[in-house]
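Visitor: The primary structure of each chain is shown beneath.
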Amino acid sequence: MKTVYVDNNATTKVAPEVFEVMLPYFSEYYGNPSSMHFFGGQVQKKVDEARARVADFLGAEPSEIVFTSCGTESDNAAILGTLDSYPEKRHLISTRVEHPAVGNVSTYLGRKGYRITELSVDREGRLDLDELRESFTEETALVTIMYANNETGVIFPIEEIGEIVKARGTSFHTDAVQAAGKIPLNMKKSKLDMLSISGHKLHAPKGIGVLYIRKGTKFSPFLIGGHQEKGRRGGTENVPYIIGLGKACELAKKYLDEENTRVKALRDYLEAKLLEKIPNTLINGERVHRLPNTVSLSFEYVEGESILLLLSDLGICASSGSACTSGSLEPSHVLRAMGVPFTAAHGSIRFSLSIYNTKEEMDYIIEHLPPIIQRLRDISPFWKDYLKAQGRV
Amino acid sequence: MWDYTEKVKDHFLNPRNVGEIENPDGAGEVGSLACGDALRLTFKLDEKKRIKDVKFKTFGCASAIASSSALTEIIKGKTLDEAAKITNQDIANYLGGLPEEKMHCSVMGREALDAAIANYRGQKVTKEDFEVICNCFGVTDREIIKAVRENDLKTVEQVTYYTKAGGGCGQCHPKIEAIIEKVRKEMEKEAPPPKPEKKKLTNIQRIKLIEETLGREIIPALKADGGDLDLVDIEGNKVLVALRGKCSFCPSSEFTLKQYVESKLREFVSDDIEVEEVRP
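These protein sequence lines map, in sequence, to chains D and X. Residue 278 in the numbering used here is what sits at position 278 of the first sequence, and the numbering runs on without skipping anything. Take any residue in the second sequence, note its place counting from 1, add 393, and you have its number in the numbering used here.
Looking at chain X on its own, in the form it has when it is part of the complex:
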């Protein structure tokens, strides 16, 4: 049995916005009976060009119905530009997550939305513009590239979970693998270069850097909340501090120390730093 979240179950058992809008401003349909799921999305805009009403009809499993229902709830009240930014991950997150094998249901939601927006804008997106990679499920390179990018996919199996591509005869697996490799190379180039390795510091440099970091990154933020902090001592990797002002009696001071002060010092100075509080 699938491990569906309560939210998926709720949207499956009580789907929102079921139906079809007569004379819609935009309509999109993806999937087919043969593929095992399909979604028809229709929407109408208000005078401010926001989505006033949206309805869906879906043929498919519980997570397909729940994803469609979630999609309609997410985009209601949004402008088309805002709606166009919705990713399949947003739909899955709205539902508290989907089993990975079912992620294609969220992708189907996003694709139907893309199709409906394109329909409104008078753009024609046809499969002929792209190369069909998976013949069993009619999945194009464009869909695979998008899924790999948006979901940081690494394997053919994952691509199948997200797009269905490769889930039939399996002949397209080498092509999918090539796409993954190409897209991931592009993604690496685009990603910001990793931070330079932290240099090994002398004791003096280390103390100076701790002081600087406290002064620049930490104390101003504490002061903004009416607190303050004094550096008492440094013993190896241990940084002893005293909390002042509001911080000294704040019930979440332990949290502040570990989650904020310590993590900042680890980020800027050294990964092994431990912060301890000295009580007056």
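This is chain D alone, in the form it adopts within the complex:
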């Protein structure tokens, strides 16, 4: 059976070029970058080169790059490290559609006595910037708003938000885990103070992340330990993964255009054909300001897990915001925050593409998904009720 992998917002294939450059650092070059001898020193040099590549990709200075273990650590460090630096400020502004790496930190802080403002989104997944303007207080320590949503791909106007946040003199962090590699990022022109990225979303392996911290930003380390990362993150450097991420960032910069042309065209093709072939299908989230690789569709009157397993049976790997797939009983907090009706929220499927996808793969999905939806609608009691109500049976 062939595998059609269209779940790249969950994780991506490690690029062969990335894998290759990592290998020597598992065997020959095992030195500790902090060592005084030549054996560690030569590794230090390579880590510096990787840091420069990541900085170049983000339009940042190498000294502003902190390597972490994953996107979640970057988000935790940004939020907790900022709050720790402003102990007198007890208010945080975020949104209702954040990834759990931010959302559950907010919940935790709420329990610890912080005041949390979670901005709402409209039916298309967009923020109301007036709500943001009205949310600031003297106590606001940090604004953390994701760059692009992992489920719908909706992109928030981070630079416009940055103007508002900076006018108030507040620290500003974004979780750019889904945005990196899909839309251009340039910290030199940005209002952001901190930005999180994750290696495995851009063809590096799992287990490596980055927190960009603008020079001069108040920050206390989240992992307290040695002097590594200029005292901003303790722990011996994960050398092979740092080298791999350096390469992945170099490739991401190179393929950014392709993401926005060829990959976007594939996504648009898949979306248009599925909308055409499957009745009662909705797109979740606005279509214009959206990641080029992502589409979230809802098929009314059927349930997402069933769709996913029937797709999986054909080798097609996607994901869903339905309740049953997450182990929770309610559909995704993102779709609920958007007010997607229950008829549709339980039947949402996300396709997220990468540069490795082809038109043949899209055609394979377009051929096989419509009969799957029809089959599940035939089993569903609500589909016939709906047709009856429409006077169609």
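Since the hints were made in silico from the structure, they are not lab data.
Taking CB as the label site, the calculated pair distances span:
hint: 1; chain 1: X; residue 1: 469; chain 2: D; residue 2: 317; range: 35 to 43 angstroms
hint: 2; chain 1: X; residue 1: 564; chain 2: D; residue 2: 130; range: 28 to 36 angstroms
hint: 3; chain 1: D; residue 1: 159; chain 2: X; residue 2: 493; range: 43 to 51 angstroms
hint: 4; chain 1: X; residue 1: 566; chain 2: D; residue 2: 230; range: 42 to 50 angstroms
hint: 5; chain 1: X; residue 1: 406; chain 2: D; residue 2: 226; range: 48 to 56 angstroms
hint: 6; chain 1: D; residue 1: 275; chain 2: X; residue 2: 584; range: 57 to 65 angstroms
hint: 7; chain 1: D; residue 1: 23; chain 2: X; residue 2: 659; range: 54 to 62 angstroms
hint: 8; chain 1: D; residue 1: 388; chain 2: X; residue 2: 437; range: 15 to 23 angstroms
hint: 9; chain 1: X; residue 1: 394; chain 2: D; residue 2: 48; range: 39 to 47 angstroms
hint: 10; chain 1: X; residue 1: 478; chain 2: D; residue 2: 388; range: 29 to 37 angstroms
Glycine included, each C-beta is placed from N, C-alpha and C at the ideal position.
Model the placement of chain X on the given structure of chain D, informed by the hints.
Guide: Only chain X this time, still in chain D's reference frame:
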């Protein structure tokens, strides 16, 4: 990914008895679009009042569809009294088990069956007769009590897995906890009292009790199969026996000794007894 059994996968990929019976004798529907799963069950009886035909339509995940399919297969050919005895555990067992987080799918099957039987019998079961405990999923105290009893549930988390109650906002958790406590107390009262602790025996008492147990519980059963057993000696907790008759050349004699003779002696005499065979 969920760890579904082959049987769940089979009933999901090839569901049995999908559809709706026109003019059914009984019809039941539980769940809703908002809850994320729903099941509509319809059946027809034959002249002997057995379930002749049964069909389902389900909106839900793979285990919901598989549980519905399994339910229809289980109840086909049964009388309504027989069908009414089916528990959600029976449905789960039929499928070779369900992940615990998905047990509510089997509960939904049993509830739809209850509703369909009540519908046939002209009984009206409405939610208004009971207290709604979980507002997010509209779960009543009756459903929670039944799930706790039938599945021996101990925690709020388990109740959520089995009934969905408490899986939304979480405000009802204290109420669920109170129900669990109450039901478990009732269950303890109903359960037979535990066997009295085995008394410490003198050597003579011990030998006598072993002989009695062999004579009353074990040898008659062996004899029924054409075998027999002699007590050779007792050394502390070791009971040495010789197998006679058919047992002496039975290929499963080792099994008989350990699983039958030894476990009986442990039950009636002492937990540390070991049985060994003495060959002539």
